[in-house]
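K.L.:
Chains as they are written, first to last, in the working numbering: chain A, 1 to 141; chain B, 1 to 141; chain C, 1 to 405; chain D, 1 to 405.
The set of hints was computed from the structure by calculation and includes no laboratory data. Cβ atoms here follow ideal geometry from the backbone N, Cα and C, with glycine treated the same way. Among the hints, a few may not be true.
To be verified - Partial list, computed: chain A residues near chain C (C-beta under 7 Å):
(1) Ser25
(2) Gln52
(3) Ser53
(4) Val75
Stated by the list, open to error - Here are the computed lysine-lysine pairs in the DSS-like style, where the Cα-Cα straight-line distance is at most 27 Å:
(5) A:Lys63 x A:Lys86
(6) D:Lys387 x C:Lys48
(7) D:Lys387 x D:Lys22
(8) C:Lys135 x D:Lys135
(9) D:Lys22 x C:Lys48
(10) C:Lys7 x D:Lys48
(11) C:Lys18 x D:Lys48
(12) D:Lys48 x C:Lys48
(13) D:Lys48 x C:Lys387
(14) D:Lys18 x C:Lys48
(15) D:Lys48 x C:Lys294
(16) B:Lys23 x D:Lys398
(17) D:Lys48 x C:Lys22
(18) D:Lys399 x B:Lys23
(19) C:Lys22 x C:Lys316
(20) C:Lys398 x A:Lys23
(21) D:Lys135 x C:Lys165
(22) A:Lys126 x D:Lys238
(23) D:Lys7 x C:Lys48
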Amino acid sequence: MTIKEKAQSIVDEFSMFDDWMDKYSYLIELGKELPLIDEKYKNETHLISGCQSRVWLHAEDAKGIIRFTADSDAVITKGIISLLIKVLSGSTPNEIVNADFNFLDEIGLKSHLSPTRANGLVSMVKQMQLYARAFKIKLNN
Amino acid sequence: MTIKEKAQSIVDEFSMFDDWMDKYSYLIELGKELPLIDEKYKNETHLISGCQSRVWLHAEDAKGIIRFTADSDAVITKGIISLLIKVLSGSTPNEIVNADFNFLDEIGLKSHLSPTRANGLVSMVKQMQLYARAFKIKLNN
Amino acid sequence: MPLELTKIRNDFPILSQKVHNKPLVYFDNGATTQKPWEVINRITEYYKTENSNVHRGTHYLSQIATDHFENARKYISEFIGANNQRELIFTKGATESINLVATSMSDYINPDDEIIVTAMEHHSNMVPWQQLCLKRKANLKHLTIQPDGSLDLNELEELLTISTKLLAISHISNVLGTINPIKEIVRIAHKHNVPVLIDGAQAIAHIKVDVQDLDCDFYAFSAHKAYGPMGMGALFGKAEWLDRLSPYQFGGEMISTVSFNRTTFNEIPYKFEAGTPDVAGALGMEAGLRYIDKLGIDNIRKHEDDLLEYATAKVKEIEGVSVIGESKDKTAVLSLVIEGIHPFDLGTLLDQMGIAVRTGNHCAQPLMSCLNISGTLRASFGLYNTKDEVDIFIVGLKKAISMLV
Amino acid sequence: MPLELTKIRNDFPILSQKVHNKPLVYFDNGATTQKPWEVINRITEYYKTENSNVHRGTHYLSQIATDHFENARKYISEFIGANNQRELIFTKGATESINLVATSMSDYINPDDEIIVTAMEHHSNMVPWQQLCLKRKANLKHLTIQPDGSLDLNELEELLTISTKLLAISHISNVLGTINPIKEIVRIAHKHNVPVLIDGAQAIAHIKVDVQDLDCDFYAFSAHKAYGPMGMGALFGKAEWLDRLSPYQFGGEMISTVSFNRTTFNEIPYKFEAGTPDVAGALGMEAGLRYIDKLGIDNIRKHEDDLLEYATAKVKEIEGVSVIGESKDKTAVLSLVIEGIHPFDLGTLLDQMGIAVRTGNHCAQPLMSCLNISGTLRASFGLYNTKDEVDIFIVGLKKAISMLV
Ligand SMILES: Cc1ncc(COP(=O)(O)O)c(C=O)c1O
Ligand SMILES: Cc1ncc(COP(=O)(O)O)c(C=O)c1O
Numbered sequence: 001m002t003i004k005e006k007a008q009s010i011v012d013e014f015s016m017f018d019d020w021m022d023k024y025s026y027l028i029e030l031g032k033e034l035p036l037i038d039e040k041y042k043n044e045t046h047l048i049s050g051c052q053s054r055v056w057l058h059a060e061d062a063k064g065i066i067r068f069t070a071d072s073d074a075v076i077t078k079g080i081i082s083l084l085i086k087v088l089s090g091s092t093p094n095e096i097v098n099a100d101f102n103f104l105d106e107i108g109l110k111s112h113l114s115p116t117r118a119n120g121l122v123s124m125v126k127q128m129q130l131y132a133r134a135f136k137i138k139l140n141n
Numbered sequence: 001m002t003i004k005e006k007a008q009s010i011v012d013e014f015s016m017f018d019d020w021m022d023k024y025s026y027l028i029e030l031g032k033e034l035p036l037i038d039e040k041y042k043n044e045t046h047l048i049s050g051c052q053s054r055v056w057l058h059a060e061d062a063k064g065i066i067r068f069t070a071d072s073d074a075v076i077t078k079g080i081i082s083l084l085i086k087v088l089s090g091s092t093p094n095e096i097v098n099a100d101f102n103f104l105d106e107i108g109l110k111s112h113l114s115p116t117r118a119n120g121l122v123s124m125v126k127q128m129q130l131y132a133r134a135f136k137i138k139l140n141n
Numbered sequence: 001m002p003l004e005l006t007k008i009r010n011d012f013p014i015l016s017q018k019v020h021n022k023p024l025v026y027f028d029n030g031a032t033t034q035k036p037w038e039v040i041n042r043i044t045e046y047y048k049t050e051n052s053n054v055h056r057g058t059h060y061l062s063q064i065a066t067d068h069f070e071n072a073r074k075y076i077s078e079f080i081g082a083n084n085q086r087e088l089i090f091t092k093g094a095t096e097s098i099n100l101v102a103t104s105m106s107d108y109i110n111p112d113d114e115i116i117v118t119a120m121e122h123h124s125n126m127v128p129w130q131q132l133c134l135k136r137k138a139n140l141k142h143l144t145i146q147p148d149g150s151l152d153l154n155e156l157e158e159l160l161t162i163s164t165k166l167l168a169i170s171h172i173s174n175v176l177g178t179i180n181p182i183k184e185i186v187r188i189a190h191k192h193n194v195p196v197l198i199d200g201a202q203a204i205a206h207i208k209v210d211v212q213d214l215d216c217d218f219y220a221f222s223a224h225k226a227y228g229p230m231g232m233g234a235l236f237g238k239a240e241w242l243d244r245l246s247p248y249q250f251g252g253e254m255i256s257t258v259s260f261n262r263t264t265f266n267e268i269p270y271k272f273e274a275g276t277p278d279v280a281g282a283l284g285m286e287a288g289l290r291y292i293d294k295l296g297i298d299n300i301r302k303h304e305d306d307l308l309e310y311a312t313a314k315v316k317e318i319e320g321v322s323v324i325g326e327s328k329d330k331t332a333v334l335s336l337v338i339e340g341i342h343p344f345d346l347g348t349l350l351d352q353m354g355i356a357v358r359t360g361n362h363c364a365q366p367l368m369s370c371l372n373i374s375g376t377l378r379a380s381f382g383l384y385n386t387k388d389e390v391d392i393f394i395v396g397l398k399k400a401i402s403m404l405v
Numbered sequence: 001m002p003l004e005l006t007k008i009r010n011d012f013p014i015l016s017q018k019v020h021n022k023p024l025v026y027f028d029n030g031a032t033t034q035k036p037w038e039v040i041n042r043i044t045e046y047y048k049t050e051n052s053n054v055h056r057g058t059h060y061l062s063q064i065a066t067d068h069f070e071n072a073r074k075y076i077s078e079f080i081g082a083n084n085q086r087e088l089i090f091t092k093g094a095t096e097s098i099n100l101v102a103t104s105m106s107d108y109i110n111p112d113d114e115i116i117v118t119a120m121e122h123h124s125n126m127v128p129w130q131q132l133c134l135k136r137k138a139n140l141k142h143l144t145i146q147p148d149g150s151l152d153l154n155e156l157e158e159l160l161t162i163s164t165k166l167l168a169i170s171h172i173s174n175v176l177g178t179i180n181p182i183k184e185i186v187r188i189a190h191k192h193n194v195p196v197l198i199d200g201a202q203a204i205a206h207i208k209v210d211v212q213d214l215d216c217d218f219y220a221f222s223a224h225k226a227y228g229p230m231g232m233g234a235l236f237g238k239a240e241w242l243d244r245l246s247p248y249q250f251g252g253e254m255i256s257t258v259s260f261n262r263t264t265f266n267e268i269p270y271k272f273e274a275g276t277p278d279v280a281g282a283l284g285m286e287a288g289l290r291y292i293d294k295l296g297i298d299n300i301r302k303h304e305d306d307l308l309e310y311a312t313a314k315v316k317e318i319e320g321v322s323v324i325g326e327s328k329d330k331t332a333v334l335s336l337v338i339e340g341i342h343p344f345d346l347g348t349l350l351d352q353m354g355i356a357v358r359t360g361n362h363c364a365q366p367l368m369s370c371l372n373i374s375g376t377l378r379a380s381f382g383l384y385n386t387k388d389e390v391d392i393f394i395v396g397l398k399k400a401i402s403m404l405v
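Start from the sequences and build out the full structure, keeping to the hints where you can.
P.N.:
Written out as structure tokens, the structure reads:
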């Protein structure tokens, strides 16, 4: 599946909920499916700043495609990063760098897409694209 | 004449004017009748602070009554201090310390009677009463 | 006299706001309070009819604005029981008030001198002293806190030495709600000739403050936590101290005479007020305090104590909840942690229910370290909060917990 | 495009005010400008529907307020042509902005270093440097002014040495109206590796400011002189400088982590913003600048230049009048002295006629000494002033003079 398709399937799932409770419960459930970061990476280097809770993110290059792992001490944050990973993990650096994040708008997380939001969604997206960019440079060399 | 009587006669004179121009013209005229301070007293010590213009004030004890002299570089200020001197000069320290300044209200200068007003009316009144108090102490000794 | 809450709530336009389609329950008063019409209107009125730069102006607007500005100073100084309005300096908030003293005291602090704070200080009353100590090679010491969130005055006696140059302490903790026994603390410090600065940020809107009775040397507070506007605050300082300290910013009304070689400074309070002051802010601050005075600070205190007691009992019924800070003397602030749940998750879900609380370390990281927690969920009350709101909060809290475990 | 003055004047409620029963003629814009409804309403709206403490809050109001606050930063930084909103620090005004740099630069100034100012500086851009020099045993040097009120750039070349650590200079003089050739001045200073701080207090509302084009290192200004609220201002600083300078006040959002031993600071701009910021002030400041932008700064400049030219010609017809400051490049400020008449007397009588001007030394005592005068009468124009008002002023001035001679 392309990023676009994966995003669309998330949008479809979210569109089934009509209240915030279901939406957040789903986010929390998503958190449970998060591919967990190796304990050895749970350090300062992998910490994403700008979140009220702590989020650790790691990326691996698996033959030209990127696999993300992560963790957080807050379950909603875990859900958010899990959602991002669901959409982005398994794509090429190029695809990630060029990804369109409008789906966040459609699932009602757009209002969280401000750099000053305590949930740090923007920082997470930035960090993921940063990894992708780094891998892209590596690939081109 | 007592302070009260002198104040009343000033109030009477001012009551004849119905516009500010006449009032200020009269104030300016009053300035011309100001008993001028001796040049040698025109120094820092005699300067009253709190006025936008400079005002020098001196007081002499003439056998139990006080005589004020003054000057200013602005003619309206000169008029104001002249008016005060007209009312207060020639009275005993005691009379000056206990003087009632309500007449300033009646001639429409009350709004100038705030410590923060640029014309320094309050500083002038305070300084005159300070002189009176000093002389009073001297007399009592 | 009980507060007339329906009437009071109408005074605050924001309270009828909906958030996420739910009625707003605003329990973040420790961060900032909402503003009554009296305050909003005072600011509007000022800009509509009086706006001018103050001091030294000869024209009508300037004189009116100056009078009102200085009357605000007088009112605010009387509100905190100061002796003389010269002892009240306008600043942009408690943080600036404290930094002002730290900067201006700098020359008095020598190597190996000591400054004492407590473990419960807000960063604003801790980092300025820490940095001052670093700069002057002095030592920062601190009073620890007891399990219930109160201080041990015996420890204070032990910490004070002849090298102690200042004690800086909050009147009320923004995390624990503890009301410190300032009068007694000042008495002890003064016995050792140590001046005391009080961070009154969390006290001014909640309990009676009387700086003469407390006998403190400095008292810092913000308008925005006392129903007044943002960007405004004050520092009370005893005249004998303010006269001695050197100014900390330069320009404008704080100057008396200048030449290229030399500057002489104005008297207090102007000496410490550089630049065009926030006249609207001062009038708004006055209006906020007048609002408090109209309701009566003791009535407000009683009301907020009732809310706190009620809410505390209710949250304690919930499994896994621990209340952080249970000092005998406390008010208006309820901090809690819930086993296995991150405060951020709670805050996020409560927000969806229209309930505004604060989560995190509340700018008190050293306190968090002492308590060995990473943060709390804090509900902090204001005069307009009601028991019904506490009920909504409790229901919301339970719902959030059920979603998170 | 000419300004639609009737419409514009309706935007400013205070302008329909009567003073001493006369229509207000407000010519004290150099001290502070009046506020349009846009600004007043923005502040009211904020307190009615958005008020909250910013940053770190998880709840709706806090997030809304934070967004609006940071959007204001973005707008304001773009208004002055900054590259990045991180380069814009909120302060309480130009004076604080300048003091911030002076305090934070302190460590860079060593004995015998030099700081250069000019003879036309406002105290706010002179005394902070003077005091810094006193403290660090450095030398304050100054550029003199030429008879017409302009600077001589050759003199600047001569003053700059390898010991020069900073040049601090106003964009526009608040007494003379002189517009200094900043771009050229910065070019010369940079040739000597000297950073330049611009005091833009009098420029921001009157001419186009583009900090990238000017290439200045710092730019300080106030909201209240640009149709915005009091108590608010900003400092632009190049990121490379701001990153290097140490913070000058401590507490709140400027802190990253704290323990009793050690504090690490946040990134710019937050590093320089201690304490709860004035969110309403930032939104009001933005609204004021948006108002300017709506009318077009070039249209405003043209209008004010016309007023200045008209008024200058008229006052010069009056016997005994000398205009102070006749630089080729000047705007919006008309200072004058009248032989044998004290400015205070003029100001007092004009006030009775509803005309608000400023008299005195305008916080520029060194300039007064250079010019060998004790003060001036200053009429300073804003975008809402009209030629009719200039006519009223001229009639009033003549009347006042006739009463005083
Ligand atoms: C105890 C305490 N001190 C100081 C402050 C700082 O106040 P401000 O941010 O208004 O300067 C606060 C507010 O957060 C506080 O709670
Ligand atoms: C040239 C100049 N610089 C600095 C200032 C100080 O501005 P503020 O008082 O708003 O800090 C002023 C205003 O009086 C000014 O005219």
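K.L.:
For each hint, tell me whether it holds in the structure or not.
P.N.:
A quick look at each hint next to the structure:
no.: 1; hint: Ser25; in the structure: 6 Å, holds
no.: 2; hint: Gln52; in the structure: 5 Å, holds
no.: 3; hint: Ser53; in the structure: 4 Å, holds
no.: 4; hint: Val75; in the structure: 5 Å, holds
no.: 5; hint: A:Lys63 x A:Lys86; in the structure: 18 Å, holds
no.: 6; hint: D:Lys387 x C:Lys48; in the structure: 23 Å, holds
no.: 7; hint: D:Lys387 x D:Lys22; in the structure: 17 Å, holds
no.: 8; hint: C:Lys135 x D:Lys135; in the structure: 15 Å, holds
no.: 9; hint: D:Lys22 x C:Lys48; in the structure: 17 Å, holds
no.: 10; hint: C:Lys7 x D:Lys48; in the structure: 17 Å, holds
no.: 11; hint: C:Lys18 x D:Lys48; in the structure: 12 Å, holds
no.: 12; hint: D:Lys48 x C:Lys48; in the structure: 18 Å, holds
no.: 13; hint: D:Lys48 x C:Lys387; in the structure: 23 Å, holds
no.: 14; hint: D:Lys18 x C:Lys48; in the structure: 12 Å, holds
no.: 15; hint: D:Lys48 x C:Lys294; in the structure: 21 Å, holds
no.: 16; hint: B:Lys23 x D:Lys398; in the structure: 18 Å, holds
no.: 17; hint: D:Lys48 x C:Lys22; in the structure: 17 Å, holds
no.: 18; hint: D:Lys399 x B:Lys23; in the structure: 14 Å, holds
no.: 19; hint: C:Lys22 x C:Lys316; in the structure: 25 Å, holds
no.: 20; hint: C:Lys398 x A:Lys23; in the structure: 18 Å, holds
no.: 21; hint: D:Lys135 x C:Lys165; in the structure: 22 Å, holds
no.: 22; hint: A:Lys126 x D:Lys238; in the structure: 24 Å, holds
no.: 23; hint: D:Lys7 x C:Lys48; in the structure: 17 Å, holds
Hint violations for this structure: none, all hints satisfied.
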